[in-house]
Amino acid sequence: MIPGLHSSDKQKPARGSLLGIEHMEGKEILALLKLARRMNPLKPRPLLRNKRIVLLFYEASTRTRSSFEIAAKSLGAITTLVQSSGSSIEKGESLLDTGYTLRAVGADAIVLRHPSAGAPHLMAQHLDIPIINAGDGMHEHPSQALLDAFTILKHKKSFKGLHVAIIGDIYHSRVARSACHLLSKFGVKLTLCGPAEFVPEVAATLAPGLRVSRHVEEAVRGTDVIMLLRVQKERLGGQKIGLQEYIAHYQLTLSRLKLAKRDAIVMHPGPIIRGLELTAEIADGPQSVIIDEVHNGVPTRMAILARALGKAK
Amino acid sequence: MIKDKSKPGSLLIKGGHLIDPAAKIDAPMDVLLRDGRVAEIASPNKLRGGSDEKFDARGLIVAPGFIDLHVHLREPGQSYKETIASGTAAAAAGGFTSVCTMPNTAPVVDTAEWVEWLRSAERGAVVNVFPIAAATRLSRGASLTDFAALQRAGAVAVTDDGKPILDDEVMRAALRLGAELNLPVVQHAEDTRFTEGCPMHEGPTSFRLGLRGMSAAAEANIVDRDVNLAQQIRESRLHVAHLSTSDALKAVRRGKRTKARVTCEVTPHHFTLLDEDVGEYNTNFKMNPPLRSAADREAILVALADGTVDAIATDHAPHATHEKQVEFERAAFGITGLETALGLAITKLHRDHKISLMRTVELFTAGPARVFDLRSRGSLAKGNFADVTIFDPKKRWTFEAAKSRSLSRNTPFDGWQFTGKVVATIVGGRVVYRGD
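Going line by line, the protein sequences match chains A and B. Residue numbers 6 to 318, in the numbering used here, belong to the letters of the first sequence in order. Residue numbers 1067 to 1502, in the numbering used here, belong to the letters of the second sequence in order.
Source of the hints: derived by calculation from the structure; they are not laboratory data. Hints are supplied without guarantee of correctness; some may be wrong.
To be verified - Quick list of simulated restraints, FRET-style, between CB atoms:
(1) A/Gly-214 - B/Ala-1172: 45 to 53 angstroms
(2) B/Lys-1469 - A/Lys-48: 54 to 62 angstroms
(3) B/Gln-1483 - A/Ala-36: 38 to 46 angstroms
(4) A/Arg-267 - B/His-1388: 56 to 64 angstroms
Unchecked claim - Calculated pairs, DSS-like style, for lysine-lysine (alpha carbon to alpha carbon, straight line, at most 27 angstroms):
(5) B/Lys-1080 - B/Lys-1461
(6) A/Lys-32 - A/Lys-17
(7) A/Lys-78 - A/Lys-48
(8) A/Lys-15 - B/Lys-1469
(9) B/Lys-1469 - B/Lys-1487
(10) B/Lys-1469 - A/Lys-17
Keep in mind the model is a prediction, meaning the values are calculated, not measured. We treat Cβ as the ideally placed atom computed from N, Cα and C, and that holds for glycine.
With the hints as constraints, model all of the structure from the sequences given.
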């Protein structure tokens, strides 16, 4: 019998799976971040030699895909990219059948990017190999939250007493949900800012220590970290708020940034749209750590993969 | 299951406690069934004359046969999910002696021929099947079906279940025609213009899971509109299917106060579960209407107790495993419910919420019989059909989905422990189910 090709019964996710931040414990997160600090893509370690990691991507991705791939290769693993176009997914193969197939060809772990919330959970319930969530619909993007935490800790001594503002389209953002869960676990005070269409009042129920603000000045004042989110123009189209109005009310400008702490950092998961959620000066300015975040994605994902395959030593 | 295929003779149900809400009986009574009808009801040991068979009902509740106003038995067209035979076997195991089938099959039941097909003995039903026909052709919400012909063929109501009638004029016309024929129009109240791509209720849980939420207003607004129409159209009969929100209840109450002929049903899962029970994308908790907030459930429990709700209906909606083991957003809506309804009602309504057994039984019998005018059913008055449900209100048992009579296994209640179990189901004087 081929392992993994059985049971319609649900099981617990395989050890090492990373489905979301919400149900992780603080100490697990800190251990991962500690491991990430020991990872260096320029000094490859063959921890995952001969391990086969499938990158299963149902959505477009530049950063996440390339950094998972480089992370895997830096640890000596073999990677295969499977995308929805050009695979049996196009022919209507179900997510689970695709998973069983990849398991049968010998995948040791699957990194999954999927437009439906909960897709990695479904896979993890039916496959006996670790599933890494590389972004599921509007739900979570745990590796992004971890690399953001890694980045914050490079610039700030600890999470203790930090104030963080997250500005933009929280409703549609898996990055925001994961970030809220992670930072909230460490007592960070979080302000979510945007128009009601993007930041509904219910957003404050996501985790302890969250509040909602409709005024960017109020949200930014005195903060240590400002996280911006991409605003999709096509989403503004269907909303009451227009593009120009959004820019006028919520764009991060130099004068607004001055309200934050002097050593505040500006973060963005990318891709950024200059002139929309932030000005070009901010993107390229001294307080921006946007490129650093991308850079930190590789060691963070090395740590995630090493942990997934039991090589977290 | 014991099935007696012979002509029903006489059966004496002896030593039980009869609860017949329509007749206001809540007392120890013996019940004699003969030739498919109720022959006699009398105080213990008062019945004279013999009977072919006796049923020892000591310690048990004897009730009129349960009626489910809302089931999907999937025939014609989707017999991999359920058949009339398997679905009615599940109904019998759940204590139901009559089920009303929804027309959203393949093809849609929008002609008299299909209504007759459903009622044909060849389908192998073990309980009574009352088809509900489509209200509009192909349930497309545009032109009405031939209500009169459907009714003559045996349809007890019309609906476009799953595809609500949104157009005001079409709904008005349906209620008008229904009024002429004394035929209820059943509405699945959901303003689908606002619920596209929404797999669950809108609230903290949908936000947490990153799923688009159906607002409570999408249900309440349609019920509100329909109640207004029912008030305007004399003698029209509106039945609100699987009502799930507090605001929709307010509209129903408003209709009832003004003596409009408005009725509603509630499912066991809506009086039991909450949206947060979806957990981590468990598709066996995905149905439409979705599980709602605690405040909605509270309002439903109050309405079940105070008489606003007319019936408990299961919305039994079987689906194959491969239709549920997919991404939450893509999973089919619906859960099975025939075999867990009584257990949930006794456990949640009677035991936990202290709703009387009389009222609980009413919601399965006299209530639904009134909603669709199922004559000579829903009560064990002398001369009525010999449909009887016998249950043990104290018996504890564990439901195992794997042992279900349904062809499908999509239930959120696998492994649940219930108080209250069906002991026997009798249809037309014949025992069609015998539990332990």
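Right, here's what the structure says about each hint:
no.: 1; hint: A/Gly-214 - B/Ala-1172: 45 to 53 angstroms; result: holds (51 angstroms)
no.: 2; hint: B/Lys-1469 - A/Lys-48: 54 to 62 angstroms; result: holds (59 angstroms)
no.: 3; hint: B/Gln-1483 - A/Ala-36: 38 to 46 angstroms; result: holds (39 angstroms)
no.: 4; hint: A/Arg-267 - B/His-1388: 56 to 64 angstroms; result: holds (58 angstroms)
no.: 5; hint: B/Lys-1080 - B/Lys-1461; result: holds (19 angstroms)
no.: 6; hint: A/Lys-32 - A/Lys-17; result: holds (21 angstroms)
no.: 7; hint: A/Lys-78 - A/Lys-48; result: holds (12 angstroms)
no.: 8; hint: A/Lys-15 - B/Lys-1469; result: holds (18 angstroms)
no.: 9; hint: B/Lys-1469 - B/Lys-1487; result: holds (15 angstroms)
no.: 10; hint: B/Lys-1469 - A/Lys-17; result: holds (24 angstroms)
Violated hints are absent here; each numbered hint is respected by the structure.
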